[in-house]
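What follows is each chain in one-letter form.
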Amino acid sequence: MSESALSSSQKIENFELRRTPLYSAHARQNGKFVPFGGWEMPVQYSGLIAEHKATRSAAGLFDVSHMGEVDVWGPGAREFLQYLCSNDISKLYDGRAQYNILLNDTGGVVDDIIVYQRSPEQYLVCVNASNTEKDFTWFASHAASFSGSLSGGKVEVANRSADWAQIAIQGPKAREIAAQLDLPAAEKQWIASTVPFHFIETKLETGSGPARAVLAATGYTGEDGLEIFIEAPRAEWLWQRLIELGSPAGLLPVGLGARDTLRLEAALPLYGHELLDNLPASCASVNWAIKMGKEKFIGKAALERATKAGLPYAMFGFEVADRGIVREGAKLCDEAGQEIGWVTSGTHSPSLGKAIGLGYLRSDKVAKLDLGGVTALVRDRQLAVKRAAIPFYRRDSGKSKQ
Amino acid sequence: MNIPGDRKYTKDHEWARLDGSDVVVGITDYAQTELGDVVFADPPKPGTKVKKGDSLGVVESVKAVSDIYAPLSGTVVAGNDGLRNSPETINSDPFGGGWFAKLKPDSAGEFDGLLDQAGYTALLGEIAK
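Residue numbers (the numbering used here), protein chains in the order written: chain A, 1 to 402; chain B, 1 to 129.
No wet-lab data here; the hints were simulated from the structure.
Mixed in with the good hints, there may be bad ones.
[Said to hold, decoys possible] In silico SDA-like cross-links for lysine to any residue, where the CA-CA straight-line distance does not exceed 25 Å: (1) K331(A) x M292(A); (2) K129(B) x S2(A); (3) K129(B) x V43(A).
[As the list claims (entries may be wrong)] Which chain A residues face chain B? A few, computed with CB under 10 Å, are given here: (4) L6; (5) Q29; (6) K32; (7) G47; (8) A50; (9) D260; (10) G324; (11) I325; (12) S349; (13) L377; (14) V378; (15) R379.
We put the CB at the ideal spot given by N, CA and C, even for glycine.
Looking at chain A on its own, in the form it has when it is part of the complex (with noise of 0.2 Å):
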């Protein structure tokens, strides 16, 4: 058996992982351990293929804690993350949450985030893991030299992500457990009936005092569900209380191989791989949340060049019409066996039970994908892929789109 389906198990000998305060309890769960961003975390428990089944089915619980916050306030604030930020900041008010790409001036992504308002001069950003100091040092760089015309300017960051963990609980049953937990019956309504994208700033009873918590009708799964920020020293108590209110319902502790599934399966776009910051994010099907009818914003140049002067890619979904598997960094070509784009994404789908992806093709062969002119190259075979539409999953429907 090959040595890198192995590592796995090798001993994670580098001292400078980092640990979310839930590593005692992935480790009592039978957590696998892998290397992530510069953080040990959990890629399994139970089984890949159990857990996100479980996820789909019930309800699935991840320790997110690894992501960072970083706090935006000041009377600028609201101003400067419009002029940061790709989506309508205006659009937000207090309580409500919206999702956004930071844009590099080439029109490339920095990150992809989510902004939280909780008043109109203090907002809280969620960003992932593996950008935390490079967004920081992003939004500090940008405040220290700005200056707002319509607010006074001044705008204030800091780096919290030290202070709070994360944990996500996701599935068609996630917040009929959620309202379990010890919350004034107001809150248990909220998080029966509130539309996504929502969030509330609570104290959650913890039996050892009360404990600071927000809870955000937000996910990364395609399930509906919620993300709970909790000061990191109660975060323990909120794991283990969410799998006692969840087993007798289905939920699994989900790790990070079952949170790329299901991520790919909604087609979300990840960091890293559909989302680049040397590649214009117009190209990255996310344009619903790129507002180019704002007046300014980091990025909006760029992307009228590029799109004025034709986008160099597109991104599309495919599932495999071969027996196997394409994943991530495969050669996509054309009939002549040219290179003509790359996979950002792919894997085996446990909800389809047949393996999918995510790609680039450059815009003038994209028309080839239907008319079954695309292969991926995969070791030594050529294999055919064919559209599919993103969504693969939808979870209305309980099933593909297909």
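Start from chain A and add chain B according to the hints.
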């Protein structure tokens, strides 16, 4: 961790069992645990000639791809084509129904030189440290 005494092992976590004059090959319980849920298997076709250490074919889990290495030189007599429809048998029955290929060995000596049950157990013990 299951390590049957009726067969030999390689340091790459394959097993080899004598079946008449042929040798049946698969991956061990340790290997299938490390790999995770197997979703694709590509066993070799009969007639394929391999040298010891060549790849006999590939198994894929959701998160990893692994070659299965020939523990000895020989000719493939059969590949377990049942794995094409039920690759998960490698997880549920790695030493039985999850067999990967059957080889006719070029010589008897290579089989005898493989690790026995005690040798493979010791190898796993070293890895666990």
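Status of the hints after comparison with the structure:
Taking the CA atoms of K331(A) and M292(A), the gap is near 32 Å; set against the 25 Å cutoff, the hint is violated. Pair hint K129(B) plus S2(A) holds up; C-alpha atoms about 20 Å apart against a cutoff of 25 Å. The suggested pairing of K129(B) with V43(A) holds, with an alpha-carbon distance near 21 Å, which does not exceed 25 Å. With its C-beta approaching chain B no nearer than about 5 Å, L6(A) sits inside the 10 Å limit, and its interface hint holds.
For Q29(A), the shortest C-beta to C-beta distance to chain B is roughly 16 Å, which exceeds 10 Å, and the interface hint is violated. Interface restraint check for K32(A): the shortest CB-CB distance to chain B comes to about 9 Å, inside 10 Å, so the restraint holds. Interface restraint check for G47(A): the shortest CB-CB distance to chain B comes to about 6 Å, inside 10 Å, so the restraint holds. About 8 Å separates the beta-carbon of A50(A) from the nearest beta-carbon of chain B, less than 10 Å, and the hint is met.
Proximity of D260(A) to chain B holds as hinted, the smallest CB-CB distance being about 8 Å (cut-off 10 Å). The beta carbon of G324(A) comes within 6 Å of a beta carbon in chain B, closer than 10 Å, and the hint placing it at the interface holds. For I325(A), the interface hint holds, the least distance from its beta-carbon to any beta-carbon of chain B being 5 Å, beneath 10 Å. Hint status for S349(A): holds, given a least beta-carbon distance of 9 Å to chain B, under 10 Å.
The beta carbon of L377(A) comes no nearer than 14 Å to any beta carbon in chain B, farther than 10 Å, and the hint placing it at the interface is violated. A distance limit of 10 Å between C-beta atoms decides the matter here; for V378(A) the minimum to chain B is near 9 Å, and the interface restraint holds. Here the hint on R379(A) is kept, as its CB sits about 7 Å from the closest CB of chain B, short of 10 Å.
The structure fails to meet hints 1, 5, 13 from the earlier list, while all remaining hints are met.
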